[in-house]
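Using the sequences provided together with the hints, build the complete structure.
There are 2 protein chains.
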Amino acid sequence: MQNSGRQSRRITAAQVAEAAGVSRSAVSRAFTAGAYLDRAKREKILKVAQELGYRPNALAAGLQAAGRSDLVAIVTGDLVNHYDAEILARLVQSLRGLGKWPVVLGGHEDLREEDVLGVLGYPLDALVLRGGSVAESVALHCAKLNIPMILSGRVMSAPGVDCVCCDNARGAAMAVRALVARGRRKLGYLGGVPHLSSDQDRRTGFETALAEEGLSPAVLAHADYSFEGGYAAARDLLAGGAEIDGLFCANDAMALGVMAAARQEGGLSIPEDLSIIGFDDISMAAWPGFDLTTVRNDMDETVSQILRLLSARLEAPGKDNEVAWIEPELILRGTH
Amino acid sequence: MQNSGRQSRRITAAQVAEAAGVSRSAVSRAFTAGAYLDRAKREKILKVAQELGYRPNALAAGLQAAGRSDLVAIVTGDLVNHYDAEILARLVQSLRGLGKWPVVLGGHEDLREEDVLGVLGYPLDALVLRGGSVAESVALHCAKLNIPMILSGRVMSAPGVDCVCCDNARGAAMAVRALVARGRRKLGYLGGVPHLSSDQDRRTGFETALAEEGLSPAVLAHADYSFEGGYAAARDLLAGGAEIDGLFCANDAMALGVMAAARQEGGLSIPEDLSIIGFDDISMAAWPGFDLTTVRNDMDETVSQILRLLSARLEAPGKDNEVAWIEPELILRGTH
DNA sequence: CAGTTATGTGAACACGTGTTCATAGCATTC
DNA sequence: GAATGCTATGAACACGTGTTCACATAACTG
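If you read the sequences in order, they're chains R and Z. Start counting the first sequence at 1; every next residue gets the next number (full-length UniProt numbering). Start counting the second sequence at 1; every next residue gets the next number (full-length UniProt numbering).
Please keep in mind that the hints were generated in silico from the structure rather than gathered at the bench. Hints are all accurate, no fakes.
One copy or any two copies: either way a pair holds, since identical chains are not told apart in the list.
Straight-line alpha carbon distances no greater than 30 Å define the calculated DSBU-like cross-link-like pairs of lysine-lysine that follow: (1) 144 to 319; (2) 144 to 41; (3) 144 to 47; (4) 44 to 144.
In structure tokens:
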């Protein structure tokens, strides 16, 4: 009953050393590849360590080797958004391939800036920030703490900050041209949260491309990047008697909501009565029953570029900041 | 050019102390609520710290206060699975409410056990394991390292391991009775990965409830818990001429895939020609166009219980292990 | 055999913090 | 006026590790 109830401490290298009858240094060396240590001794130590369930404390190790904690914070968008969820999955897996441990923040709308600043208490190897609007204020703190920052879905010019971003305007223009080529002339835009640059760029690209075709927008509407928001917006448009024959949606989730509303509330056929094009190319867009024409915001390429910039930045902390542009691609399916 | 290229070190408390003309102890006290420190002095220190961008190193702090690193590892399922994605989002947000930082692992099928063992190098406050099959081997290591483990979607009896699990058999039985009450007699089961206990329990519940109604399964099939898998399985069933009038699917994603296949490949009307019931109640199930009848595997309640068990375990590390059962609820919509 | 090199090894240091210890000043109480 | 209690403060310690330092032994080289 000596230790009852109390949380006993973690096994330490000193305890392993005592049990194996060696010095503590030897234990540390046993877990360090390439260190001078007698083979038999190393095996003895590893065996004892295994029995005791010893594992070097990563916190203490990270404290020792300054500048490499192997922790990387990811500030994600709302995971109800499928695009963010799929990106996160790829990102988490890829970071493990680099030996990094991802600390995940956000995942919901009310992401408090306080949380982001809080995680900076850890000596992070890097901070990956997906979209969002807190970038500017966070960047300042990152700079002071010498923590590299990688921005995805947004561009910012600051020392130590690298960016990966889709050419949103170009993607929007591709959608417009595809709709016009299909014979559509009364085109509408359904945007997302207006204060995000992704939405602004897609809208600008939409309007510019439309002007080049000698057309002007028939409708400019906004929702919240969600299926439900897209559904409600489309229902309101239909009820308001809006006359459109093509709609470009700022992301796929809203496009799917619009399709559901157009079919169920408006009795419309797609694409006969209304052409729809989305943005992102989430996995759901390819599902039979949706078959959504969309602009691919390539996730694999995005994650790949994030990792490339991350590695380069860790290699050369003082290098110039860089922006990796992701080329959009029009995926032709059945709704345009 | 003195420091060019080299990654300059993080600001430390000693540097703040020197800049503010106080002892290092005072700096530490300035960031500790309730410590004896002259008010003016504290304000001075905080001001200097702000200017220098100082932030106490959480690694060193965690090393100091043994037993509380505020790090919690989450081993999630594949995030392509919407249920896992939605659970993760809630979990991440809730853990922040407890002041914990979530380190996320997995998110893809090939979750290597090596990764899970690797994260145990950190002195975690706890490990949350969603579903999966690596539980047994991990539990042993957790026990040796005195790291509390919380299992979700799976039950295991071991000291220091708490579990949260839906009563899968009961949920399956509810689905069966709803189908029978609708007049269905030729019922099939579309399961997920067979070696997971969630699938086994749901199938057992299905068969038992069916037997109680004096019926036997018309079809027992398996897919991979994905939309695409459900679609393919349903197509094969239709091509094979299977005679069923009701299908219970082990999760919603497969149920949605089955619906798409039944409509597009088989030309069937739902629920007129075929009743379908899913499991989980992901947000998509409620979308117009799907309107899926399903057994709710309550996510809010699950996360809430995980947090309760976590708090209780941190409060009393030696307490008996506990299993929190989540009561399933039949959500009646339009597909049964 | 003398001289150089490669291999082992334990003691000691550094990482950056929170907290205890001892001491000192000051205000309050009897 | 002495005794007591509260506030404030810097030095010192502990946390658990990786690595350097000094030294010892063994293995080659000429």
